[in-house]
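Here the protein sequences come in this chain order: A and B.
Residue numbers are given in this note's numbering: position 27 of the first sequence equals residue 27, and the series is strictly consecutive.
Residue numbers are given in this note's numbering: position 123 of the second sequence equals residue 1123, and the series is strictly consecutive.
Don't read these hints as lab results, they were simulated from the structure.
C-beta atoms are modelled at their ideal positions from N, C-alpha and C, and glycine is treated no differently.
Heads up, a few of these hints could be off.
Cβ-Cβ distance ranges computed for the label pairs, FRET-style [to be verified]:
{"id": "1", "chain 1": "B", "residue 1": "Pro1162", "chain 2": "A", "residue 2": "Gln58", "range": "55 to 65 Å"}
{"id": "2", "chain 1": "A", "residue 1": "Gly37", "chain 2": "B", "residue 2": "His1097", "range": "14 to 24 Å"}
{"id": "3", "chain 1": "A", "residue 1": "Asp50", "chain 2": "B", "residue 2": "Glu1361", "range": "33 to 43 Å"}
{"id": "4", "chain 1": "A", "residue 1": "Gln58", "chain 2": "B", "residue 2": "Glu1361", "range": "28 to 38 Å"}
{"id": "5", "chain 1": "A", "residue 1": "Arg140", "chain 2": "B", "residue 2": "Leu1217", "range": "53 to 63 Å"}
{"id": "6", "chain 1": "A", "residue 1": "Gly24", "chain 2": "B", "residue 2": "Ala1368", "range": "56 to 66 Å"}
{"id": "7", "chain 1": "A", "residue 1": "Pro257", "chain 2": "B", "residue 2": "Ala1368", "range": "29 to 39 Å"}
{"id": "8", "chain 1": "B", "residue 1": "Val1002", "chain 2": "A", "residue 2": "Ala176", "range": "29 to 39 Å"}
{"id": "9", "chain 1": "B", "residue 1": "Ala1368", "chain 2": "A", "residue 2": "Asp50", "range": "51 to 61 Å"}
{"id": "10", "chain 1": "A", "residue 1": "Ser295", "chain 2": "B", "residue 2": "Val1002", "range": "21 to 31 Å"}
{"id": "11", "chain 1": "A", "residue 1": "Gly86", "chain 2": "B", "residue 2": "His1097", "range": "34 to 44 Å"}
{"id": "12", "chain 1": "A", "residue 1": "Asp70", "chain 2": "B", "residue 2": "Leu1217", "range": "32 to 42 Å"}
{"id": "13", "chain 1": "A", "residue 1": "Asp306", "chain 2": "B", "residue 2": "His1097", "range": "54 to 64 Å"}
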Amino acid sequence: MRVLVAMSGGVDSSVAAALLLEAGHDVTGCTMKLWGGASDSGCCSVADVDDARRVAQQLGIDHFVFNFGDDFTAAVVEPYVAAHAGGRTPNPCVECNRSLKFDRLARRAHALGFDALATGHHARAERIGASWRLRRGVDRAKDQSYVLHMLDQAALARTLLPVGALTKAEVRERAASLGLRTAAKPDSQDVCFITSGGGRRWFLEARLALTPGRVVDGEGREVGRVGAVELVTAGQRRGLGLAGGGEARYAVAVDVPGATVTVGGPQDLLTGEVALEAVSWVDGPVEGRVEVQCSAHGTPRPATFDLDGAVVRFDRPAPRVAPGQSVVLYRADEVQGGGTAR
Amino acid sequence: MVTYLDHAATTPMRPESVEAMLPFLGARVGNPSGGHAAARAARQAIEEGREIVAATLGAEPGEVVFTGGGTEADNLAVTGVLARHGGIPVCSAVEHHAVLHPVEALGGRVVAVHADGRVDLGALDAALDTQVGVVSLMLVNNEVGVVQPLAEAAALVAERAPGAVVHTDAVQAFPWLDVATEARPAHLVAVSAHKFGGPQGVGALVVREGVVLEPLLRGGGQERDRRSGTHNVAGIVGMAAAMAATVAQRTVTVARVGRLRDRLVDGLLSTVPGVTESGSRATKVAGTASLLIEGIESEALLVLLDQAGICATAASSCASGAMEPSHVLAAMGVPRALAYGSLRLSLGWTSTDADVERALEVIPGAVAQLRERTTLTLTP
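With the hints as constraints, model all of the structure from the sequences given.
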């Protein structure tokens, strides 16, 4: 097969390219240039592009850089800012996979005549009979199937995830034995366009008028104040300006237009259900028994999915899901689909 | 077999240049700043080179400052003049980043260009006053190949900002124009060896008698205190040899390459629908073809061309190697969506009929493939 492999400059996609070569594919590497602003590293700094290019040279494959900066701004950064403005907590890495990697780049690969697009995600795309399955990676601790839940049959048929069959330790061993410069590179953390020095606040306050607000308890009594309602996430405990002592209190609801954060005790943080929007399916809709994962490395919880209302009903009360977060439905280790918490 | 159509990025070294350099990459030793026999011989080599460079650029030997390339020469011009005399820098919006970025960093004024890529002299007039310290206008643009009206601009500067120094970036001009004549109106002239068959990493700035500037690099005081650092002897010798060879063959090369370029552009205009030329061909140097191709992204086209053995580019590349939307095309008023379909094919002294034939054979099919298999809009 002619395969285009998306190389971020990290160890996983470096080894993905090497594995595809070993399997006899005709492999070309590419790196997306997505963000021109400040970055700690993440996916697309000049240093990461240099690393990806050097690995491609070491493997003896062609490597190209694609500048999708305009698309990234429109499809990921602007919606990220808009979601915060609405008091939601978006997941930009999921949006980047949906709009950039598996859409913009996948279509570029198709236009260039490649048969498939490969990435270094820890997940497995497997064909069973006529159906493509999206399974968790072999290394459960590094599993990234959550951020790939938007892949459908058409996408999976053109996607290769070669490192999903390896543990992270095996990936690093392989990179080291090939002498790749990325072998010991730390895993990327957090959102690529948010720096650890500045954080979300620094990024958002340059793009958004942040709203100072009141913090109230369940009876509407003011118990504290926050500098920016948009930066509060449901479930958050610190930074709410609450007096110490007594029972721990958490943000349970964020109302940006009303400039109000409502707090409650641990019991108020639990919910029996979460309603979804923008639901997509790997191989058609499912309903009934599922296991539900609400963050990248969260615990899957048993639940029932009501397809008509697009509502997840947890078997036992579960932590409230911040609106904007991805909610992914599994059966055993297979992604069935997912959506966004309302 | 590679079809090389990126001569404006860098052009193959001329054999005269390689031959002139080889002794200095081998047995010959000597730091030109020293006093013994080996040093004196090295000094002689660079001074002979300096005389050739000066003569071909219409300058006196003492007016030539050797640099580490075109970017350093441009930076020395803009920054060096202002560091010495103060004032506001002014440049056109289509300058190479080696001029544009220093001018912007120093709080300069950037002057608009017309749709054909030539500087708007009315806008330049409006940007000039007695506060202006340096005015930089390239002789030939690197992306579209358009020749700028340097003489008119310099006359305007003399009238409106009489104290200002005029700099011209002649990096793209040298293979095609008689720079000694064309750059005469400028006080400062920058060239880069690898654009005309010399080695990479060496260039020169002409600093006309009477113009004083601060150095960027301080140290041993070489180049009359205008550029410290041990001389790149091999590079300087190679640059001089490439200059001499270029000048000797320029008339013939310009005519021959101009015909190849016209055949290439006319061929593409007649076989690929939705193609236009950016800038007017009458105002361009012989080697450059700059095209706008509707409905495709040149970033993708360049991959297909590369896979077919054709080396070309869109706009100038950035540090990561990604294609940045061209500031030159934007300044010319080309819409961003159309600028994504820009293609620069630049020919040079080694270009042949076979190069043109190969390009005409591959490009129409590659454009058709992309148009068939791609859309520009994201699916919801």
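Cross-check of the supplied hints:
Between Pro1162(B) and Gln58(A) the beta carbon distance is about 58 Å. The supplied range of 55 to 65 Å therefore holds. Between Gly37(A) and His1097(B) the Cβ separation comes to about 19 Å, which falls inside the hinted range of 14 to 24 Å. Separated by about 35 Å at the C-beta atoms, Asp50(A) and Glu1361(B) satisfy the suggested range of 33 to 43 Å. Roughly 33 Å separates the CB atoms of Gln58(A) and Glu1361(B), a value that falls within the hinted 28 to 38 Å.
With their beta carbons about 57 Å apart, Arg140(A) and Leu1217(B) fall inside the hinted range of 53 to 63 Å. Look at Gly24(A) against Ala1368(B): about 30 Å separates their beta carbons, and that is not inside 56 to 66 Å. For Pro257(A) and Ala1368(B), the Cβ-Cβ distance of about 52 Å falls outside the hinted range of 29 to 39 Å, so the restraint is violated. Judged by the Cβ atoms, the range 29 to 39 Å given for Val1002(B) and Ala176(A) holds: they are separated by roughly 35 Å.
Taken as a hint, the range 51 to 61 Å is violated for the pair Ala1368(B) and Asp50(A), whose Cβ atoms sit roughly 34 Å apart. For Ser295(A) and Val1002(B), the hinted distance range of 21 to 31 Å is not satisfied, since their beta carbons lie about 50 Å from each other. Take Gly86(A) and His1097(B): their Cβ atoms lie about 39 Å apart, and the range 34 to 44 Å holds. Distance hint check: the CB atoms of Asp70(A) and Leu1217(B) are about 38 Å apart, consistent with the given range 32 to 42 Å.
Hint check: Asp306(A) to His1097(B), Cβ distance near 58 Å, so the stated range 54 to 64 Å holds.
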